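The task is simple: from the sequences and hints, build the whole structure.
Heads up: the protein sequence lines correspond to chains A and B, in order.
Take 1 as the starting number for the first sequence in this note's numbering and just add one per residue.
Take 1 as the starting number for the second sequence in this note's numbering and just add one per residue.
Rather than coming from a laboratory, the hints here were simulated on the basis of the structure.
Each hint should be verified, as a subset may be incorrect.
What the hints assert, rightly or not - Pair ranges (Cβ atoms, derived):
#1 A:Thr-163 / B:Asn-52: 37 to 45 angstroms
#2 B:Lys-182 / A:Thr-109: 54 to 62 angstroms
#3 B:Asn-186 / A:Gln-124: 18 to 26 angstroms
#4 B:Asn-186 / A:Val-106: 43 to 51 angstroms
#5 A:Lys-132 / B:Asn-77: 38 to 46 angstroms
#6 A:Gln-124 / B:Asn-77: 32 to 40 angstroms
#7 A:Ile-206 / B:Ser-33: 53 to 61 angstroms
#8 B:Lys-182 / A:Lys-17: 18 to 26 angstroms
#9 B:Ala-213 / A:Gly-104: 55 to 63 angstroms
#10 B:Ile-54 / A:Asn-140: 27 to 35 angstroms
#11 A:Glu-160 / B:Glu-269: 35 to 43 angstroms
Since we're looking at a predicted model, the values are computed, not measured.
Ideal placement from N, C-alpha and C gives every residue a C-beta, glycine not left out.
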Amino acid sequence: MDKIINIALPKGRLGDKVYDMFEAAGFPCPSIREPNRKLVFENEEIGIRYFWVKPSDVAIYVERGAADIGVAGKDILLEYKPDVYELTDLGLGKCRMCVAAPKGYVENTKRKLKVATKFSRIAQDYYSSIGKNIDIIHLNGSIEIAPLLGLSDVLVDIVETGTTLRENNLEVITEILPISARLISNKASYKFKTEQIKDITNKMSIQAGLRND
Amino acid sequence: MLFDYNMLDDSEKLIYALRALYRQAGYTQYHMSKFEEYDLYVRNKDFLVSENIITFTDTNGKLIALKPDVTLSIIKNNIDEPDRLKKLCYNENVYRVSSGSGCFSEIPQSGVECIGCVDDQCIADVISLALSSLALAGQNFVLELSFLDILAKSIDRMSDDKTIRKQVVGYVSEKNTHDLEKLCGNNPLNDKYCKLVEKLTDIYGTPREVMPALKEICDEGGLNKEYQKLESVLSLLRGNKYEDAIRIDFSLTDNINYYNGFIFKGFVEGVPDHVLSGGQYDSLMRRMNKDSSGIGFAVYIENLEDITIE
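As C-alpha cells, this is what we get:
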C-alpha cells in the first residue's frame with residue numbers, strides 16, 4: 001500500500017455503525033474494538049488510519065486535510081457548507097430535518113416568525129426558499145423547550161423517531177429534507193490518493209446498497 | 001554587503017522564481033495601486049471570492065476599497081484592444097476575509113493575465129505556464145482542468161428552471177451523483193441530459209484516460225463542437241513535460257457566471273487546499289463593456305507557506 005488514508009469517524013452510536021460498514025467493506029482495524037480511550041487506530045497492512053472526532057467536527061477535519069475522508073451527516077454538510085466532495089450516501093443514521101410546533105399551533109402572521117434551531121443556515125435557507133422573513137434564535141441544545149416556554153413559535157431540528165416531540169406535546173408541521181450519513185473527501189487528497197479513495201467509495205457504496213436491500 | 005539568495009525565505013524565493021518564469025515567457029510586470037474605487041467591486045461582486053471589502057473615504061469624498069482582487073483592476077485599467085495580445089504578470093497583495101477566521105487578511109498573490117486576442121495557442125500557453133508554476137512549488141502536483149461549455153450546455157438542456165440548475169451545479173461541484181440522481185428522479189427534467197451530467201460528474205483522470213469516454217458523452221449530447229475545442233487545446237499541450245499532471249474534472253464549476261471556456265485549479269501534494277486558480281473570463285469582459293477576451297491565473301503564495309522551495 002503506497003499511501004496511508006486518514007479517515008475521520010464521528011464519535012458515538014453512528015460512528016460505531018459507520019466503522020462496522022468500513023470493516024465489512026474490507027477496511028478493518030481490529031485495535032479499534034479494544035476497550036480503551038485511544039483516539040487514533042492504524043492498520044498499516046491495508047494503509048488505513050481511523051480517528052474518532054466529534055460528529056460536527058468531521059467536516060472540518062476533512063476540509064482542512066487532517067483527514068482524507070470522513071463520514072458526516074447531511075445536516076452538518078448543509079449547515080457548514082464545507083468545501084469537500086460528497087462521494088456517497090451511506091444510508092446510515094437516517095432521520096428528517098423538520099419544522100415542529102406545539103400541537104394545534106396557528107401562525108401569527110402579524111409579526112415575524114420566531115424560529116429556534118441549532119441549524120441556523122438550514123432554517124434560513126428553507127424559509128428564504130418559501131419567501132418568508134424570520135427571526136432566528138440560535139440554541140445549542142434542548143431546542144424542543146423553546147416553543148414550550150414561548151422563546152420561539154416553532155423549531156427546526158432533526159427528528160428521528162418523533163418520541164421527544166410527542167412527549168412534549170409538539171408535532172412536525174413540515175419536513176424540510178431527509179438526512180443521512182455521507183462519505184466525504186478532501187478535494188486535494190482526492191487528487192493524490194485517487195485510486196484508494198475511489199476504491200473505498202465503491203466498496204462503501206456496495207455496503208450501503210446491501211443495507212438498503 | 002552582497003545579496004545572498006539564501007537570505008530569502010521560501011515564499012520570497014517562490015515569488016521571485018515565478019516572476020522569472022513569467023518574464024522569460026514574455027510577460028510584462030504590472031504594478032497597481034493598493035486601492036480602487038469601491039464602485040468597481042460593487043458592480044462585479046459576483047466575481048469576487050467574498051463580498052466583504054475594506055473601504056474608506058478619500059479626501060474628495062469618493063468611497064475607496066482595498067483591492068480584494070487583481071483581475072478586475074487589470075481589466076479596468078487596460079485599454080480595450082481585441083486585436084492585440086497583452087501579456088501581464090504581477091505580485092500583489094489582495095485583502096479578503098479568510099474562510100477560517102472570518103477576519104480580513106492580506107493575501108499575497110502572483111499571477112498572469114492575457115488580455116486581447118486569446119486563441120487556442122494562447123490558452124494552451126497559459127495552461128502550460130500554470131503547470132510550470134506548480135512545478136516550482138512542489139514535485140508532485142496536479143492541475144485539474146475543465147471546459148465549462150460542455151457542462152454548462154448540458155445543464156441548460158437539462159432544465160429551464162434557474163433554481164434547479166443552481167442545485168445541479170452544486171451537486172456536480174461536490175461530485176455528488178447520489179443527490180443528483182434523486183433530483184432528476186423527483187423533477188420533470190430532460191432525462192437524457194440528466195444522465196449526461198451524471199456521467200460528466202464522474203469523469204476524472206488524465207486526458208489520455210478520459211477523452212475517449214468524454215467523446216462518447218459529447219457525441220450523445222450533440223456537443224461535438226465543444227469536444228473539438230477541448231481536444232484542440234489539449235493537442236497543443238501534448239508533449240508538454242508536465243502533461244501527465246493534467247486531470248480532466250468537470251466538478252470544477254467555480255463562478256460559472258463569470259468564467260467561461262477553460263478553467264483550472266492547481267494542487268501540490270501536502271497542501272490541503274488549491275494553490276493556483278484561473279480560467280477564461282470573456283463574460284466578465286463583456287460585462288465591463290470590453291470586446292477583448294481574457295485568461296489568467298493566480299498562485300496563492302500563502303497556501304504554500306509550509307512547502308520548501310528548492
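Hints versus structure:
Taken as a hint, the range 37 to 45 angstroms holds for the pair Thr-163 of chain A and Asn-52 of chain B, whose Cβ atoms sit roughly 43 angstroms apart. The supplied range of 54 to 62 angstroms is broken by Lys-182 of chain B and Thr-109 of chain A, whose beta-carbon atoms lie about 33 angstroms from each other. A C-beta distance of roughly 23 angstroms is found between Asn-186 of chain B and Gln-124 of chain A, which places it inside the suggested range of 18 to 26 angstroms. At about 30 angstroms, the beta-carbon gap between Asn-186 of chain B and Val-106 of chain A misses the expected band of 43 to 51 angstroms.
At about 44 angstroms, the CB distance of Lys-132 of chain A to Asn-77 of chain B agrees with the hint of 38 to 46 angstroms. In this structure the hint that Gln-124 of chain A and Asn-77 of chain B lie 32 to 40 angstroms apart at CB holds, the actual value being about 39 angstroms. For Ile-206 of chain A and Ser-33 of chain B, the Cβ-Cβ distance of about 57 angstroms falls inside the hinted range of 53 to 61 angstroms, so the restraint holds. Between Lys-182 of chain B and Lys-17 of chain A the beta carbon distance is about 22 angstroms. The supplied range of 18 to 26 angstroms therefore holds.
Distance hint check: the CB atoms of Ala-213 of chain B and Gly-104 of chain A are about 57 angstroms apart, consistent with the given range 55 to 63 angstroms. For Ile-54 of chain B paired with Asn-140 of chain A, a C-beta distance near 32 angstroms keeps the hint of 27 to 35 angstroms intact. At about 41 angstroms, the beta-carbon gap between Glu-160 of chain A and Glu-269 of chain B stays in the expected band of 35 to 43 angstroms.
This entry does not satisfy hints 2, 4, going by the numbered hints stated previously.
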